[in-house]
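Q: Listed here are the chains, written in short residue letters.
Protein chains: 2
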Amino acid sequence: MSDETMSFQLTILGTSSALPTSNRYPTAQVLNVLGRFFLIDCGEGTQTQMRKFKIGFSKIDHIFITHLHGDHIFGLIGLISTMVLLGREKDLHIYSHSELQKFISAQLNFLYADKIPMKIVFHPLNFKREQLIYEDAKVSIYSFPLSHRIPTCGFRFDEKPPLPNLLAKKIEEYQIPICERQRIKEGGDFLTSNGQLIPHSQLTVKKFKARSFAFCSDTRFDESYIESIKNVDLLYHEATFAEDNRKLANTTFHSTGKEAAEVALKAQAGQLLIGHFSARYKDHAPILEEARAIFPNTKAISEGDVIQVEKKNV
Amino acid sequence: MSDETMSFQLTILGTSSALPTSNRYPTAQVLNVLGRFFLIDCGEGTQTQMRKFKIGFSKIDHIFITHLHGDHIFGLIGLISTMVLLGREKDLHIYSHSELQKFISAQLNFLYADKIPMKIVFHPLNFKREQLIYEDAKVSIYSFPLSHRIPTCGFRFDEKPPLPNLLAKKIEEYQIPICERQRIKEGGDFLTSNGQLIPHSQLTVKKFKARSFAFCSDTRFDESYIESIKNVDLLYHEATFAEDNRKLANTTFHSTGKEAAEVALKAQAGQLLIGHFSARYKDHAPILEEARAIFPNTKAISEGDVIQVEKKNV
Chain Z
239 MSDETMSFQL
249 TILGTSSALP
259 TSNRYPTAQV
269 LNVLGRFFLI
279 DCGEGTQTQM
289 RKFKIGFSKI
299 DHIFITHLHG
309 DHIFGLIGLI
319 STMVLLGREK
329 DLHIYSHSEL
339 QKFISAQLNF
349 LYADKIPMKI
359 VFHPLNFKRE
369 QLIYEDAKVS
379 IYSFPLSHRI
389 PTCGFRFDEK
399 PPLPNLLAKK
409 IEEYQIPICE
419 RQRIKEGGDF
429 LTSNGQLIPH
439 SQLTVKKFKA
449 RSFAFCSDTR
459 FDESYIESIK
469 NVDLLYHEAT
479 FAEDNRKLAN
489 TTFHSTGKEA
499 AEVALKAQAG
509 QLLIGHFSAR
519 YKDHAPILEE
529 ARAIFPNTKA
539 ISEGDVIQVE
549 KKNV
Chain G
239 MSDETMSFQL
249 TILGTSSALP
259 TSNRYPTAQV
269 LNVLGRFFLI
279 DCGEGTQTQM
289 RKFKIGFSKI
299 DHIFITHLHG
309 DHIFGLIGLI
319 STMVLLGREK
329 DLHIYSHSEL
339 QKFISAQLNF
349 LYADKIPMKI
359 VFHPLNFKRE
369 QLIYEDAKVS
379 IYSFPLSHRI
389 PTCGFRFDEK
399 PPLPNLLAKK
409 IEEYQIPICE
419 RQRIKEGGDF
429 LTSNGQLIPH
439 SQLTVKKFKA
449 RSFAFCSDTR
459 FDESYIESIK
469 NVDLLYHEAT
479 FAEDNRKLAN
489 TTFHSTGKEA
499 AEVALKAQAG
509 QLLIGHFSAR
519 YKDHAPILEE
529 ARAIFPNTKA
539 ISEGDVIQVE
549 KKNV
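These protein sequences, in sequence, are chains Z and G. Here our numbering is used: the first residue of the first sequence is 239, the next is one more, and so on. Here our numbering is used: the first residue of the second sequence is 239, the next is one more, and so on.
FYI, nobody ran anything at the bench for these hints, they're computed from the structure. A couple of the hints might just be wrong.
Just so you know, same-sequence chains aren't split out, so a pair can sit in one copy or run between any two.
[Claimed, not checked] No farther apart than 25 Å at their CA atoms in a straight line, the calculated lysine-lysine pairs in the BS3-like style are these: (1) LYS292 x LYS520; (2) LYS376 x LYS537; (3) LYS444 x LYS468; (4) LYS468 x LYS485; (5) LYS537 x LYS549; (6) LYS357 x LYS407; (7) LYS445 x LYS468; (8) LYS353 x LYS549; (9) LYS445 x LYS485; (10) LYS520 x LYS445; (11) LYS290 x LYS340; (12) LYS520 x LYS550; (13) LYS297 x LYS520; (14) LYS353 x LYS340; (15) LYS549 x LYS297; (16) LYS292 x LYS445; (17) LYS290 x LYS408; (18) LYS328 x LYS485; (19) LYS485 x LYS447; (20) LYS504 x LYS357; (21) LYS328 x LYS550; (22) LYS504 x LYS340.
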């Protein structure tokens with residue numbers, strides 16, 4: 239799976255929570271869906287981490303910001319500045335709380351006045367309900383509300399199912415002309431010359447199962463967003479604390495490892511990734527352990543991890 | 239020299255120029271003068287580097303910002319935010335172009351409204367002439383104009399000469415009473431009981447030579463600031479390019495390794511540190527080589543370097 243245009247692959251750039259540590263960076267991840275690179279959150283140092291893990295700045299056209307706490311946004315101005323210095327001309331799309339536009343635009347005006355070569359398009363998120371925020375031929379992206387101290391959204395990235403193959407024997411059997419085949423692949427039925435309607439499902443065979451990833455941070459445990467992440471192949475859920483700090487997790491609107499695992503279980507996720515670890519944990523072992531007791535296929539993420547979701551036959 | 243209250247010691251946090259690389263951070267250095275910690279510039283990731291190299295956030299009371307380009311200021315909001323999250327109450331002093339206050343205050347108001355536990359005191363720099371900007375019992379700090387595309391200041395940190403020792407044989411010879419001794423140490427003469435005035439210089443012996451450090455970045459070569467850095471023990475001077483890019487250095491108001499060395503030579507500095515290397519140089523060897531040809535005691539800095547200026551007898 240070395241061809242990045244076939245991949246569904248997540249690269250971890252930062253895994254710490256608000257207070258920095260000497261070896262962890264604040265939140266940032268890059269998801270590659272078939273050669274489209276989506277940056278999710280942008281803590282301080284994200285651009286350095288991108289250089290380190292060889293993610294080209296020019297590949298990023300869409301940035302998704304969960305909420306406006308510093309550890310999720312302080313890397314934005316540096317990354318955008320570098321794009322400006324490199325003379326970027328492509329539009330850059332940022333999906334976030336509407337207030338981010340003021341925050342970033344004020345800084346850009348101060349630094350560059352009106353000498354910014356590219357257009358930055360801000361897309362305000364809806365913090366009340368799930369919403370389709372991006373769509374192209376290969377992927378759909380949804381935002382959905384999480385439960386944090388300030389308005390926060392999670393994101394779900396759905397690969398679109400590839401078009402099915404036409405069955406060779408059916409083409410022959412019904413003498414399906416070439417000009418009809420694409421339409422049938424895209425979901426159409428076929429009307430034979432003697433007026434018989436052959437349904438799409440009898441003419442085609444599905445290739446692969448479409449893949450999906452959901453990002454849930456920052457949030458406390460809340461049943462309300464389970465439906466939005468149902469059946470994802472890969473789920474990232476914050477686990478700032480272990481159960482020994484459950485009370486603190488609740489009051490600060492964060493989750494424990496156990497709670498993250500409960501979310502994964504209820505959502506019937508394929509694999510759970512946990513991160514956003516509090517600086518008080520020198521070692522994430524207790525958080526991981528309590529999560530695995532409930533949801534065994536859990537991984538505690540580190541900077542530089544690359545997680546693939548492999549193609550599966552239907 | 240493990241006692242930090244006796245040290246004159248520089249720690250390098252970042253050495254890159256504007257574009258990030260995978261292994262260099264933008265400009266930031268911390269100077270410890272006898273237990274006082276001064277942060278000079280604050281590029282993105284400075285707080286992470288401070289954690290890595292074990293410089294406590296609470297030790298920093300004074301931050302010196304040379305100029306308002308992103309690679310010298312993008313770490314400020316993250317560092318100040320961490321201080322806010324840690325509940326800092328001590329005043330924080332920032333010496334910079336007056337416009338920085340608007341830039342930082344707007345961000346802090348956005349993030350914390352009026353819930354900032356400490357006072358941030360902004361001290362505007364003078365970009366026309368040298369100025370004493372800080373003084374206490376042990377150290378004096380001066381700013382002076384450099385020559386860059388936007389208003390930029392260098393800084394000079396002067397340890398104050400320690401008070402001299404009184405000579406034991408003179409105390410005995412002139413029967414100097416205890417109550418007079420501190421006054422003489424601080425520079426006074428002594429009037430004997432028979433009316434003879436013994437000058438300070440005959441009664442005392444100096445302990446150590448006071449130490450000094452100057453920081454020159456960003457700037458192009460310019461004779462105008464040589465006088466402000468004359469005879470410093472340690473000089474940091476930017477060397478963004480090698481001579482192969484001298485023309486580019488001139489038009490972007492940066493220096494080459496050779497030019498940095500010429501400054502050190504004219505200023506009769508003790509040791510030269512060079513940094514702020516352009517991302518186009520994978521290896522700083524050519525920059526260092528041309529500098530050493532002119533000023534042999536030159537060091538190319540790397541993240542984590544600690545440079546001591548040892549005490550010297552007068």
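Q: It remains to establish, for every hint, whether it holds in the given structure.
A: Hints versus structure:
1. LYS292 x LYS520: Intra 28 Å, inter 16 Å, cutoff 25 Å: inter-copy only.
2. LYS376 x LYS537: Cα proximity of LYS376 and LYS537: none, with 27 Å in one copy and 52 Å across.
3. LYS444 x LYS468: Cα proximity of LYS444 and LYS468: one copy only (22 Å, versus 77 Å across).
4. LYS468 x LYS485: Neither: 27 Å inside a copy, 59 Å across copies.
5. LYS537 x LYS549: Cα proximity of LYS537 and LYS549: one copy only (20 Å, versus 52 Å across).
6. LYS357 x LYS407: Neither: 51 Å inside a copy, 79 Å across copies.
7. LYS445 x LYS468: within (22 Å within a copy, 74 Å between copies)
8. LYS353 x LYS549: The answer is neither: 44 Å in one copy and 50 Å across copies each exceed 25 Å.
9. LYS445 x LYS485: Close neither inside one copy (47 Å) nor across copies (58 Å); limit 25 Å.
10. LYS520 x LYS445: The answer is neither: 45 Å in one copy and 45 Å across copies each exceed 25 Å.
11. LYS290 x LYS340: neither (30 Å within a copy, 33 Å between copies)
12. LYS520 x LYS550: neither (37 Å within a copy, 42 Å between copies)
13. LYS297 x LYS520: Classified as between; 23 Å across copies, 34 Å inside a copy.
14. LYS353 x LYS340: Intra 17 Å, inter 20 Å, cutoff 25 Å: intra and inter.
15. LYS549 x LYS297: within (23 Å within a copy, 52 Å between copies)
16. LYS292 x LYS445: neither (31 Å within a copy, 54 Å between copies)
17. LYS290 x LYS408: For LYS290 and LYS408, the Cα distance exceeds 25 Å both inside one copy (51 Å) and across copies (65 Å).
18. LYS328 x LYS485: neither (46 Å within a copy, 30 Å between copies)
19. LYS485 x LYS447: This pair counts as neither: shortest intra-copy Cα distance 40 Å, inter-copy 57 Å.
20. LYS504 x LYS357: This pair counts as neither: shortest intra-copy Cα distance 41 Å, inter-copy 47 Å.
21. LYS328 x LYS550: neither (34 Å within a copy, 58 Å between copies)
22. LYS504 x LYS340: neither (38 Å within a copy, 48 Å between copies)
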